[in-house]
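We have chain A; now place chain B onto it with these hints.
Just so you know, the protein sequences line up as chains A and B, in that order. Under my numbering, the first residue of the first sequence is numbered 1, with each subsequent residue one higher. Under my numbering, the first residue of the second sequence is numbered 1, with each subsequent residue one higher.
There could be a bad hint or two in this list.
Which copy is meant is left open, so a pair is good if it fits within one copy or across any two.
To be verified - Within a straight-line C-alpha distance of at most 27 Å, the following computed DSSO-like cross-link-like pairs (lysine-lysine) qualify:
id, residue 1, residue 2
1, Lys218, Lys127
2, Lys9, Lys127
3, Lys24, Lys298
4, Lys290, Lys253
5, Lys218, Lys241
6, Lys9, Lys298
7, Lys298, Lys241
8, Lys127, Lys290
9, Lys297, Lys253
Just so you know, the hints here were simulated from the structure itself, not pulled from any lab data.
2 protein chains.
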Amino acid sequence: MGNQTIYFKHRPRIIATSTIAGPKECEGIIGRYVETALADDMFGESTYEKAECKMLSTVIDGAIANAGLHRDEVDMIVSGDLLNQIISASFAARDFSVPFLGVYGACSTMAESLAVAAAFVNGGLAKRVVAATGSHFASAERQYRYPLELGCTRPPQSQWTVTGAGGALVSDSGDGVEISAATLGKVVDFGITDVNNMGAAMAPAAADTILAHFRGTKEDVEDYDLIVTGDLGALGSRILKDLTWEKGLDINKNHVDCGEIIYNVIEDEYQGGSGAGCSAVVLNSYLYHKLMTGSLKKILFVATGALLSTVSSGQGESIPCIAHAVVLER
Amino acid sequence: MGNQTIYFKHRPRIIATSTIAGPKECEGIIGRYVETALADDMFGESTYEKAECKMLSTVIDGAIANAGLHRDEVDMIVSGDLLNQIISASFAARDFSVPFLGVYGACSTMAESLAVAAAFVNGGLAKRVVAATGSHFASAERQYRYPLELGCTRPPQSQWTVTGAGGALVSDSGDGVEISAATLGKVVDFGITDVNNMGAAMAPAAADTILAHFRGTKEDVEDYDLIVTGDLGALGSRILKDLTWEKGLDINKNHVDCGEIIYNVIEDEYQGGSGAGCSAVVLNSYLYHKLMTGSLKKILFVATGALLSTVSSGQGESIPCIAHAVVLER
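Extracted from the complex, chain A is given alone in its bound form:
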């Protein structure tokens, strides 16, 4: 069993980010840090899918502009989203005359796209790459679960897909947050079949990647100010802490989950936020700010994804999950 951790010796860095989020999301902790706060989650578009695409396009442009660059100074866009055939990312990329790599890692996309961007920049194959992803509550809900019009009751273990997007400009030079390593995850399936219980499905994947990271790097949990998971929610985070603790790794003290913290009040009916946009928004607004201002020095960003589809669930399959980790330091 090889070492899953790869090291970016040339230290690609995130020199700028951009974020956008819906009204519900901006009521919470990220409200003060998000670049664009939407008053209306339709974003002036006629469908939720088009709104999601526009959010993604906005943060890609935002990350480029915040780095003081123009579109033609960017070598590549690495992006994906939750929609079938990642149409938000593909259609957003259509607006840019920039080479595009589409990735799919469900809600792990922010970490996956950062790792891929860092690999190209580290290897001298690209100088500046935008990594971005996003999600929209309404488009995800109707694709993965039920049409909103049905008004289905949400079970207590469910999470709320974040309406938001985040983008990061990864560069070979400049001042920013360094991406020093990544631990790419394996597909892990513990047999969960409840499509409303993503936290429980994804927690074993997060545990697997986090354990692989500390096994491979021989670092201690204390070397990190935070171990940030993507969207496990409250229940999934509890499961993750149990699973890692059972294997002798105690992450209790510095673990935080983007899904658990994104909403102001975790209401009774759900476990927190989820969706590719969840960790993308929290990382590229709140966490990036804390890293750039020195409150955080080094974090392990572990975005988690559930790789199911309605077809796979309909055919009786359980939910395979994945988690990719990137080390971010300042």
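Same frame as chain A, now just chain B:
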């Protein structure tokens, strides 16, 4: 406008491949080269989607075995497919305890996954990576168009999604076909809205990438034994040759399209093969054999993808497309 071509100085190489194809596909030119010829396109599974996943899993394992390796000697799998949430690739990866990067480029996936694999290997981030993709006629048809049971008439401009998969083991050492460069494509949309006319939709993307490649590398068409596109089909290939010719690049003499050559007889009702499996099977069987045995010395492999979904088409969007090119030489 930057140079879209990236160079892999350390020459990652494809040291082994594996392919599988359905009965209809094996009647044609690839029949003699495919590793596993299926007598039944259900492949012993209960659904088309599960058969597609099993095909992908088979070629990943096959590429590893043909390289004389074991699963635990592989650092990463880079894969994607056409199904919603790339379930074939994700579920195939579940069988392997190997880090997984999911990519989405529709039918351009073989080139995209090879380019990503080469980037990781070239940069010293991985030693051995499997790049793989596939498709299945029945799963694609019912997802993108109509249930087969409807028995819809196929229009003359339509293509036939290939039932097949191909995998390549990209290594930092060993004897094989070198991946010396890649030109990553931009998303190009000429406004085609006919979901049965993928060739016309994708031809401008192929032209854009091929033109960018020759502009960037300053090479001549004659430097290549073949310029191989993925699945433009007969009509799309004609359009591609017109579009490049208009821009002063004559590729007529050495252009060939995997979709145009994969079936034995191009019947009246369609333009040839398509699907992510089309170029994956042709490259990893027939073309790889020709490269390894010296009949071909250097080819430009340009896989093309149509980045639509049923939702995007339903919302009135045209079809954005992409083409990624990799230089393969022996």
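Hints the structure violates: just list their numbers, smallest first.
3
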